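Student: Modelling step: build the complete structure from the supplied sequences, incorporating the hints.
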Amino acid sequence: MEKIYPVPESQCRLIKSRAETVRFLLDYSKALHIREFKGMTIENSLN
Amino acid sequence: MYTTIDDATLIRSYISGDEKAIEKLIEKHNQRLSSYIYSKVKDMSVTEDIFQDTFIKVISTFKRGTYNEEGKFLPWVMRIAHNLIIDHFRRNKRMPKYQGNKEFNIFSVLTDDKLNAERQLIKDQIDQDLEVLIEQLPKDQLEVLRMRIYQNMSFNEIAENTEVSINTALGRMRYALINLRKLIEKNQIVLTN
Numbered sequence: 001m002e003k004i005y006p007v008p009e010s011q012c013r014l015i016k017s018r019a020e021t022v023r024f025l026l027d028y029s030k031a032l033h034i035r036e037f038k039g040m041t042i043e044n045s046l047n
Numbered sequence: 048m049y050t051t052i053d054d055a056t057l058i059r060s061y062i063s064g065d066e067k068a069i070e071k072l073i074e075k076h077n078q079r080l081s082s083y084i085y086s087k088v089k090d091m092s093v094t095e096d097i098f099q100d101t102f103i104k105v106i107s108t109f110k111r112g113t114y115n116e117e118g119k120f121l122p123w124v125m126r127i128a129h130n131l132i133i134d135h136f137r138r139n140k141r142m143p144k145y146q147g148n149k150e151f152n153i154f155s156v157l158t159d160d161k162l163n164a165e166r167q168l169i170k171d172q173i174d175q176d177l178e179v180l181i182e183q184l185p186k187d188q189l190e191v192l193r194m195r196i197y198q199n200m201s202f203n204e205i206a207e208n209t210e211v212s213i214n215t216a217l218g219r220m221r222y223a224l225i226n227l228r229k230l231i232e233k234n235q236i237v238l239t240n
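Line by line, the protein sequences are chains A and B.
Just so you know, we're using our numbering here: the first sequence kicks off at 1 and counts up by one.
Just so you know, we're using our numbering here: the second sequence kicks off at 48 and counts up by one.
Where hints are given, some of them may not hold.
[Unchecked claim] Derived DEER-like restraints, expressed as beta-carbon distance ranges:
1) 91/B to 34/A: 28 to 34 Å
2) 23/A to 134/B: 20 to 26 Å
3) 122/B to 19/A: 22 to 28 Å
4) 55/B to 34/A: 19 to 25 Å
5) 138/B to 34/A: 23 to 29 Å
6) 23/A to 164/B: 37 to 43 Å
7) 42/A to 56/B: 27 to 33 Å
Please keep in mind that the hints were generated in silico from the structure rather than gathered at the bench.
Since the model is a prediction, treat every value here as computed from it, not as a measurement.
Ideal placement from N, C-alpha and C gives every residue a C-beta, glycine not left out.
Tutor: Shown next as structure tokens:
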């Protein structure tokens with residue numbers, strides 16, 4: 001009788017986001033300024 | 048080097064203004080978070096987008112001063128990513144996305160009715176050639192052919208307009224086509240697209 005073997009699942013792939021994505025986040029972090037003004041939260045992105 | 052500093056220290060440094068700390072924090076968790084996202088979405092560009100959106104939320108929370116230090120950073124950031132992955136699948140469910148593969152290409156079933164630039168040029172040339180040939184037909188045949196082909200009139204309407212019987216109109220059309228074929232052969236014009 002034919003044996004049925006399960007198809008082995010591919011192993012978890014280890015990946016990293018690209019340097020460009022990280023660079024964007026660092027630039028975003030530097031540009032983002034959040035201030036409280038009269039009870040309001042104001043977000044500024046300064047380039 | 049990055050792994051030696053714990054998350055809480057990096058977060059405190061970042062909140063107190065050290066921009067380098069967020070770089071270390073991103074680098075420290077990049078592989079784990081990206082791999083987690085990729086294991087769910089199976090698409091590298093979507094992974095990058097979700098990774099980016101996750102850290103935008105992280106940065107925004109830190110800058111707002113609303114980060115709760117009691118919780119651990121990694122489970123919190125994984126939860127953000129997880130919610131964004133769910134949002135991604137919800138969006139795609141509403142707007143299904145089809146991706147081609149070796150067996151099936153969506154463009155093989157989707158067609159564009161418009162001619163491409165080359166075929167349009169050929170068609171324009173054929174129309175021009177045909178116009179020149181039609182002008183050489185006898186006036187009565189030319190009249191019937193124009194009414195039938197360009198004005199889409201029925202033979203009844205053509206007969207009424209030209210004040211002839213329907214059989215005469217049909218006969219003129221027949222001769223117009225015969226003569227047109229002769230002119231095409233005589234001038235050796237290729238009228239195929």
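Student: Determine for every hint whether it applies to the structure shown.
Tutor: Evaluated hints:
1. 91/B to 34/A: 28 to 34 Å: holds, 31 Å
2. 23/A to 134/B: 20 to 26 Å: holds, 24 Å
3. 122/B to 19/A: 22 to 28 Å: Since residue 122/B and residue 19/A have Cβ atoms about 26 Å apart, the given range 22 to 28 Å holds.
4. 55/B to 34/A: 19 to 25 Å: holds, 21 Å
5. 138/B to 34/A: 23 to 29 Å: holds, 27 Å
6. 23/A to 164/B: 37 to 43 Å: holds, 40 Å
7. 42/A to 56/B: 27 to 33 Å: Holds - the Cβ-Cβ distance for residue 42/A and residue 56/B, about 29 Å, lies within 27 to 33 Å.
Comparing the model with each earlier hint shows no violations; every hint is respected.
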